[in-house]
Structures are given as structure tokens and as C-alpha cells.
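Peer 1: The sequence shown lines up with residues 8 to 122 when you count with the working numbering.
Derived from the structure by calculation, the hints contain no laboratory data. Beta carbons: idealized from backbone N, C-alpha and C, even for Gly. Some hints could be false.
Just the calculated beta-carbon pair ranges, DEER-fashion [as the list claims (entries may be wrong)]:
1) Gly26 / Asp84: 16 to 26 angstroms
2) Thr46 / Thr11: 30 to 40 angstroms
3) Thr43 / Gln69: 27 to 37 angstroms
4) Ala25 / Thr46: 16 to 26 angstroms
5) Thr46 / Asp81: 16 to 26 angstroms
6) Thr13 / Thr46: 10 to 20 angstroms
7) Glu10 / Arg48: 31 to 41 angstroms
8) Gly68 / Thr43: 14 to 24 angstroms
9) Gly37 / Thr78: 16 to 26 angstroms
10) Gly26 / Cys54: 28 to 38 angstroms
11) Glu10 / Gly47: 37 to 47 angstroms
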Amino acid sequence: MSETVTARFDDAPLTAPAGASVAAALLASGRTSWRTTRTGRQRGLFCGIGVCFDCLVEIDGQTGQRACLVTLADGMDVRSHRGAGEAGAAGASGAGASGAGAHETGGAAVGGERS
8 MSETVTARFD DAPLTAPAGA SVAAALLASG RTSWRTTRTG RQRGLFCGIG VCFDCLVEID
68 GQTGQRACLV TLADGMDVRS HRGAGEAGAA GASGAGASGA GAHETGGAAV GGERS
């Protein structure tokens, strides 16, 4: 199967094999980070299974989407995710509705207290 899909990432074409996740497409295109934390640190794919929230992007106007869990689709508009402080961010904690400010420690907390 050689079918490909084409989307846009920050207004640039993003093409990948059909069935690829947004994160896989971004990595295949040479991008290793696509989110900036509220403290200015770069983030991209970390766990790849939707647990760490490091790969957050905006997809078709919806912020806080995990790039590792969403399949890239034709015409999709994907945008870099900026840290807390933009629309939808909650208070001084920096954690939006998605829980995004929780992993701004470089991923060290991923194994933490989870059971």
C-alpha cells in the first residue's frame, strides 16, 4: 500500500504514509520538537503512548491534542503548541484542560507515582 496523506504543519506541507500518527509524520519529516513549555523548553515525542503529554499539538483548532495518538489525515491543520498562557490555559499553575503543564521537568516525572 503506497497511499499517502498530506496535511499542513505550521503552514508547511506534511506528507506521510496513510495510517501514520501525527507524531510519526513529524519525526519522519525531520522535526524533533513541536511544543514549547511555558518556561521555553522544547518538547516532542517522549513516551509515544499518550501518557506523558510531551507531544501536544493543535489540530484543526483544538489545542492539547496528543500527536502520538492522532492519525494524520488529508487536509488536517496541525500547529505547534505553545506553553501555558494562551487561550484555554488555567491559572498560574500552567496546566490547561489537558493537564499539559505537568511534565515540564524533562520527562523525569513520567514513571513517578503512576501505578
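Peer 1: Run through the hints listed earlier and report the numbers of any the structure violates, in increasing order.
Peer 2: 3, 4, 5, 6 and 10
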